[in-house]
Amino acid sequence: EAGVTQFPSHSVIEKGQTVTLRCDPISGHDNLYWYRRVMGKEIKFLLHFVKESKQDESGMPNNRFLAERTGGTYSTLKVQPAELEDSGVYFCASSWTGLTGELFFGEGSRLTVL
Amino acid sequence: KQEVTQIPAALSVPEGENLVLNCSFTDSAIYNLQWFRQDPGKGLTSLLLIQSSQREQTSGRLNASLDKSSGRSTLYIAASQPGDSATYLCAVRGNYQLIWGAGTKLIIKP
Numbered sequence: 073e074a075g076v077t078q079f080p081s082h083s084v085i086e087k088g089q090t091v092t093l094r095c096d097p098i099s100g101h102d103n104l105y106w107y108r109r110v111m112g113k114e115i116k117f118l119l120h121f122v123k124e125s126k127q128d129e130s131g132m133p134n135n136r137f138l139a140e141r142t143g144g145t146y147s148t149l150k151v152q153p154a155e156l157e158d159s160g161v162y163f164c165a166s167s168w169t170g171l172t173g174e175l176f177f178g179e180g181s182r183l184t185v186l
Numbered sequence: 007k008q009e010v011t012q013i014p015a016a017l018s019v020p021e022g023e024n025l026v027l028n029c030s031f032t033d034s035a036i037y038n039l040q041w042f043r044q045d046p047g048k049g050l051t052s053l054l055l056i057q058s059s060q061r062e063q064t065s066g067r068l069n070a071s072l073d074k075s076s077g078r079s080t081l082y083i084a085a086s087q088p089g090d091s092a093t094y095l096c097a098v099r100g101n102y103q104l105i106w107g108a109g110t111k112l113i114i115k116p
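Listed in order, the protein sequences are those of chains B and A. For the numbering used here, add 72 to where a residue sits in the first sequence, where the first one is 1. For the numbering used here, add 6 to where a residue sits in the second sequence, where the first one is 1.
It is worth saying that the hints were derived from the structure and are not from the lab. Keep in mind that the hints are not guaranteed to be accurate.
Covered stretches of chain B (chain A as the covering partner; in silico rule of three or more C-beta atoms under 8 Å from a C-beta of chain A) [said to hold, decoys possible]:
{"id": "1", "segment": "132-140"}
{"id": "2", "segment": "170-176"}
Restricting the straight-line Cα-Cα distance to at most 30 Å, the calculated cross-link-like pairs of lysine-lysine (DSSO-like) are [unchecked claim]:
{"id": "3", "chain 1": "A", "residue 1": "Lys48", "chain 2": "A", "residue 2": "Lys111"}
{"id": "4", "chain 1": "B", "residue 1": "Lys87", "chain 2": "A", "residue 2": "Lys48"}
{"id": "5", "chain 1": "A", "residue 1": "Lys111", "chain 2": "B", "residue 2": "Lys123"}
{"id": "6", "chain 1": "A", "residue 1": "Lys48", "chain 2": "B", "residue 2": "Lys116"}
{"id": "7", "chain 1": "B", "residue 1": "Lys126", "chain 2": "A", "residue 2": "Lys111"}
Here are the in silico distance ranges between beta carbons for each label pair [unchecked claim]:
{"id": "8", "chain 1": "B", "residue 1": "Glu140", "chain 2": "A", "residue 2": "Tyr37", "range": "24 to 32 Å"}
{"id": "9", "chain 1": "A", "residue 1": "Ser58", "chain 2": "B", "residue 2": "Gln89", "range": "29 to 37 Å"}
{"id": "10", "chain 1": "A", "residue 1": "Pro88", "chain 2": "B", "residue 2": "Gly100", "range": "32 to 40 Å"}
{"id": "11", "chain 1": "B", "residue 1": "Thr148", "chain 2": "A", "residue 2": "Tyr82", "range": "34 to 42 Å"}
{"id": "12", "chain 1": "B", "residue 1": "Ser125", "chain 2": "A", "residue 2": "Ala85", "range": "44 to 52 Å"}
{"id": "13", "chain 1": "B", "residue 1": "Pro153", "chain 2": "A", "residue 2": "Glu62", "range": "31 to 39 Å"}
{"id": "14", "chain 1": "A", "residue 1": "Glu9", "chain 2": "B", "residue 2": "Pro133", "range": "18 to 26 Å"}
{"id": "15", "chain 1": "A", "residue 1": "Leu25", "chain 2": "B", "residue 2": "Glu155", "range": "35 to 43 Å"}
{"id": "16", "chain 1": "A", "residue 1": "Asn24", "chain 2": "B", "residue 2": "His82", "range": "22 to 30 Å"}
{"id": "17", "chain 1": "B", "residue 1": "Met111", "chain 2": "A", "residue 2": "Glu23", "range": "37 to 45 Å"}
{"id": "18", "chain 1": "A", "residue 1": "Ala85", "chain 2": "B", "residue 2": "Phe79", "range": "35 to 43 Å"}
{"id": "19", "chain 1": "A", "residue 1": "Pro88", "chain 2": "B", "residue 2": "Ser159", "range": "29 to 37 Å"}
{"id": "20", "chain 1": "B", "residue 1": "Arg136", "chain 2": "A", "residue 2": "Thr11", "range": "42 to 50 Å"}
Ideal Cβ placement from N, Cα and C applies to all residues, glycine included.
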C-alpha cells in the first residue's frame, strides 16, 4: 500500500512567485493535515481537512496560503505570492477517521524562497 | 495552551549504550502521544503511538512510556546502533492538531 506522497520534494522560487505543493494521502484516509517546519523552529500545524471540508485552518499564517482538497482525495497548498519567511519544509499527513488514529507523514516538500 | 519540551536537545553516545529521551507536556488532556524519527533531509517516520489509556508501547529495541498525570513520556532505545542516529520528535494530540517538541538530535558513535 502506498504511503503519503508529496510533490515536489524541493522547490526553489523567487520572492513574489507562486508555488503549489501537492499531497496524496493514503487511500481511504478521511483526515488530511498540513504542517510546516521553518528553520530552527518546531513543526507547526497549518490546517486539517476531513474529506473535502476544511475542519480547522487556524494555523494558516495569512491569506497568501490557500489549501484545497478536491473530491476528498489529494490536496494542494498554494503560496501566492511567496515571501522569504515562507521557506521551510511542508509536511502532509493523513489518518483514518477519528482522533486516536496514527498519523502517517509524507517525505515533505522543501520550499526555498530567494 | 499545550507546550511540549524535549530534553536533551542533542545527545551523543557510543554504540551499544542504552539511552533515554525525554518529552514533557503541560496539558494532560491528550488523546495520544506519538514518537517520530527524522533523518536529515527526509520525512517523518512514526515510531510508536501511545494512546492516553496506555502506559507503554514497544517496538523492537524501542520502548515508549507515558505518564499522563505528570505530563511525561520517555523513549528508551536499547543497545544503540549507528543507524539510530537521527532527530527524534515527540508530538501530543489534544484535538486534531499535533503539538510538537523541538526534537532531540541523537548521534551514535561507532
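Original post:
Which hints from the list above does the structure break, by number from lowest to highest?
Top reply: Violated: hints 1, 5, 7, 9, 13, 16, 17, 20.
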